[in-house]
Amino acid sequence: MSEYARVDAFEIIKSCIAQSLPELAIANITEDVSLSSLGVDSIKLVEISVRIEEAFGEKVVIDDWIDEQMNLDVDDRYTIRSLIEFVELAHA
Amino acid sequence: MPRSDGKIKIKVLSSYIYEKGVGPQENMGRSNKWYKGFVKALLARNVDLNKLDIDFVGLSTDRSDDFRVAQRFGEEGAALVICPGTDAAVRWSKQSHSIPTVYFGAHPENNGIELHERANICGVRLNLPLIWSPANFKTVKELLPNIEHIYFPLNRESEFVFDNVRSLYKSFREKSETSWIPHNSHYIGHRSITFLCESIDCEYFEGPYSGTSELGTLLESIRTVEKKLIVGFNDTTLVPGAIDLISKYVRAYGVPLLWVNNFPVIQDCGVADFSSDFFRVGMCVGDLAHALLFEGATPKDLGLLPDPGQKTGLNLSRCAALNIDVPAALRSKFDIAV
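Keeping their order, the protein sequence lines are chains A and B. Residue 29 in numbering that gives the first Met the number 0 is what sits at position 30 of the first sequence, and the numbering runs on without skipping anything. Residue 307 in numbering that gives the first Met the number 0 is what sits at position 308 of the second sequence, and the numbering runs on without skipping anything.
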């Protein structure tokens, strides 16, 4: 069982994204959307990665998540849900 | 400080920004190790990154474009230019004497180190870990105990080959057909590597080339040489098709390949990589950028920082394919093993 409740992980991730994209309405960040659909480019992705790694500690290496996502179909990549699951698994 | 739209404009200017499909080197920046360190350093200093406008610009192979790039950066009000790679820094330094610049790059045998005297330039000097450290060279011998001949192809058209060395190579080519410069020749451009090779009972060969045709001729000339090793640097990634040529060659003839500062190439077709720790390099770049943009420092105040450390990588599947034995103690000397 993860030391983070799913809802907590989601809230922390939302906060990290919102800090990097302050113009984004936080209500638009749902589990179903992808980072790319939120307008996250490769530069912003690095910023969000650093924020998430600092929030969750060294067990979470976002580069590993990115590597996983690269193997998926383009339409299925970088969803918030998969990021939450990755964080939960890292802390399981 | 020049600003536009309320944001501080930072330009990242590099030859190592690739389009998709060029080969394993396209992944050099995918994980953005230095950039991640850069971002981490700025966030640690509570910099609001939304107030920075960071633009990555690839250097063209056509050097006549450099002037236009500098003109554009000036017109756009660039407050800082970051040059990953010595070649970008050298080219940029010929165009701008005023925009504050942070670079990270290597200077084998101190060639080109005078860059740090420029009033608008500071940075991080990289070591090229393989040829900086006798200990790393001994690790190579542990990994490949049977090698006797070590070949270093070098792109003689890149800024990485500085004028003094290029002059030697030109003289050598005028006197000989396309061939490797042997370790005992007075045309050798990087003498210290000769001594490193001698320290592990190997002979050093330097192969200056211009384009894939000449590189192919050099590689073909050593096809029948046994107990050989090829070592590459990122000047070779600047030649379109060169990595593909080397990859096919080492696969076809079962030749071990080492690289410096490029793990993706080693993941593709090589045995081991000896890189600087680019995450930590990026943190240094972030510290320098912060000092320049927010603390009132000048590049002259900051100078050159030393390389913060190395990160070595081993391709175990390639080792297995070449019947290279990697005992646990040897494997433990590498930071990454895939």
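Think of the hints as simulated: they come from the structure by calculation, not from any bench. Where a beta carbon is used, it is the ideal one built from N, C-alpha and C, also for glycine. Mixed in with the good hints there might be a few duds.
[To be verified] A short, non-exhaustive set of chain B residues, derived as facing chain A with CB atoms under 8 Å:
#1 N31
#2 K39
#3 V337
[Claimed, not checked] Each computed DMTMM-like pair below joins lysine to aspartate or glutamate, with the alpha-carbon atoms no more than 25 Å apart:
#4 K332(B) - D62(A)
#5 K6(B) - E22(A)
#6 K50(B) - E52(A)
#7 K13(A) - D75(A)
#8 K43(A) - D52(B)
#9 K13(A) - D62(A)
#10 K58(A) - E22(A)
#11 K169(B) - D52(B)
#12 K310(B) - D62(A)
#13 K169(B) - E156(B)
#14 K50(B) - E53(A)
#15 K310(B) - E57(A)
#16 K310(B) - E141(B)
#17 K137(B) - E213(B)
#18 K310(B) - E67(A)
#19 K332(B) - D63(A)
#20 K13(A) - E84(A)
#21 K6(B) - D40(A)
#22 K310(B) - D66(A)
#23 K169(B) - E213(B)
#24 K332(B) - E22(A)
Hints and how they fare:
{"no.": "1", "hint": "N31", "in the structure": "holds (5 Å)"}
{"no.": "2", "hint": "K39", "in the structure": "holds (5 Å)"}
{"no.": "3", "hint": "V337", "in the structure": "violated (11 Å)"}
{"no.": "4", "hint": "K332(B) - D62(A)", "in the structure": "holds (23 Å)"}
{"no.": "5", "hint": "K6(B) - E22(A)", "in the structure": "holds (15 Å)"}
{"no.": "6", "hint": "K50(B) - E52(A)", "in the structure": "holds (22 Å)"}
{"no.": "7", "hint": "K13(A) - D75(A)", "in the structure": "holds (19 Å)"}
{"no.": "8", "hint": "K43(A) - D52(B)", "in the structure": "holds (11 Å)"}
{"no.": "9", "hint": "K13(A) - D62(A)", "in the structure": "holds (18 Å)"}
{"no.": "10", "hint": "K58(A) - E22(A)", "in the structure": "violated (30 Å)"}
{"no.": "11", "hint": "K169(B) - D52(B)", "in the structure": "violated (43 Å)"}
{"no.": "12", "hint": "K310(B) - D62(A)", "in the structure": "holds (16 Å)"}
{"no.": "13", "hint": "K169(B) - E156(B)", "in the structure": "holds (11 Å)"}
{"no.": "14", "hint": "K50(B) - E53(A)", "in the structure": "holds (21 Å)"}
{"no.": "15", "hint": "K310(B) - E57(A)", "in the structure": "holds (18 Å)"}
{"no.": "16", "hint": "K310(B) - E141(B)", "in the structure": "holds (18 Å)"}
{"no.": "17", "hint": "K137(B) - E213(B)", "in the structure": "violated (31 Å)"}
{"no.": "18", "hint": "K310(B) - E67(A)", "in the structure": "holds (22 Å)"}
{"no.": "19", "hint": "K332(B) - D63(A)", "in the structure": "holds (22 Å)"}
{"no.": "20", "hint": "K13(A) - E84(A)", "in the structure": "holds (14 Å)"}
{"no.": "21", "hint": "K6(B) - D40(A)", "in the structure": "holds (18 Å)"}
{"no.": "22", "hint": "K310(B) - D66(A)", "in the structure": "holds (19 Å)"}
{"no.": "23", "hint": "K169(B) - E213(B)", "in the structure": "holds (14 Å)"}
{"no.": "24", "hint": "K332(B) - E22(A)", "in the structure": "violated (46 Å)"}
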